[in-house]
Amino acid sequence: MASNDKTIGPATKTSPLETKLISNKGPTDAEITLKENKHIGKMILRGSLSEKKFITSTKKHLSQQFPASPNSFYDHTKVRVIWLGPDEWLILTDAAELNTLKDDLTRALIKSHSALVDVSDNSTIIEIKGRYSREILMKGCSLDIHPSVFQTGCSAQIDLGLANIILLKTADEPIYQIIVRASFASYLWDWLVDAAHEFNVRIEN
Amino acid sequence: MLHIECPWCGFRDDAEFHYGGEAHITRPDPSTTLTDEKFSEYLFSKTNTKGLLLERWCHRSGCRRWFNVLRNTITNEILEVYPVTEKPSSKQGKETYERNWRRKSPPKKTPKTDEVK
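Chains as they are written, first to last, in this note's numbering: chain A, 1 to 205; chain B, 206 to 322.
Everything labelled a hint here was simulated from the structure, so no lab data went into it. Treat the hints with care, since some could be wrong.
Sample of chain A residues facing chain B (criterion: CB under 8 angstroms; computed from the structure) [unchecked claim]:
id: 1; residue: Thr-33
id: 2; residue: Asn-37
id: 3; residue: Ile-158
id: 4; residue: Asp-159
Where a beta carbon is used, it is the ideal one built from N, C-alpha and C, also for glycine.
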């Protein structure tokens, strides 16, 4: 899901962290790296798993792995599907691909009792990387995120600091993605920078 | 701090949850026969149970789903967690359900609910 600057939809042009004037700073061998993953399209999909039509249509576009098991996510080509509830999923894709996927899914789900809503500007994604990233998250999160429990492919909806987030473990290395509401993004960024202060932190644009 | 087991997300701190009061209380039918007394009884009269209580909780910070809990209000021990659409299945849960003076209808057989495959 690399960002593609050429074909960004109007909805994802701005970032809620724009006022932070994020630019590269900090040592290159830093133990913590913070950055914002921009230009990611987001959609909320809702529907009942007891409806056969809904299952078959979604499986066709979001792979056979659908529905993800509770508190997990999976990647399928350029799409990431995150479980949010027994009848609710968050779909992430490159902003450039969003409209195509949205049209495809809308067409496929036309006769099923479901809802697909573009929520791209509802939230943003902050990535925290480095050997102390878990220690930083532990400062404001009550969940056990030790790698033996919170493994790659796990997701959790939880409070971090005072913000409600979706936490993803995207790789075996200590990398976490934090999906946070746009209105909380600025607060959470400051919180993370502050929490990372005691470590060797690098901020990437 | 209470440690509540959400049916979807597992054990989480009670700060993540929203309390919904006593479970299995039927909201009166807002028909013409509904009096102010009847509705205020539904709204304001609480059992103030000392002991086992069936109550509703919502996992506000997580999956945002409602579920029912059988909790001992003296020891804060949680004995059972079950879906909102169902009746308690444990012995103590069934007894608590039968005992409730606010429950007007007789206990029904557990209806089949949507299961996640």
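Going down the list of hints, with the structure as the test:
Interface hint status for Thr-33 of chain A: violated, as the beta-carbon distance to the closest one in chain B is roughly 27 angstroms, over 8 angstroms. A least Cβ separation of about 22 angstroms between Asn-37 of chain A and chain B goes past the 8 angstroms threshold, and the interface hint is therefore violated. Interface restraint check for Ile-158 of chain A: the shortest CB-CB distance to chain B comes to about 6 angstroms, inside 8 angstroms, so the restraint holds. Interface restraint check for Asp-159 of chain A: the shortest CB-CB distance to chain B comes to about 5 angstroms, inside 8 angstroms, so the restraint holds.
Checked against the numbered hints given earlier, this structure breaks hints 1 and 2; the rest are met.
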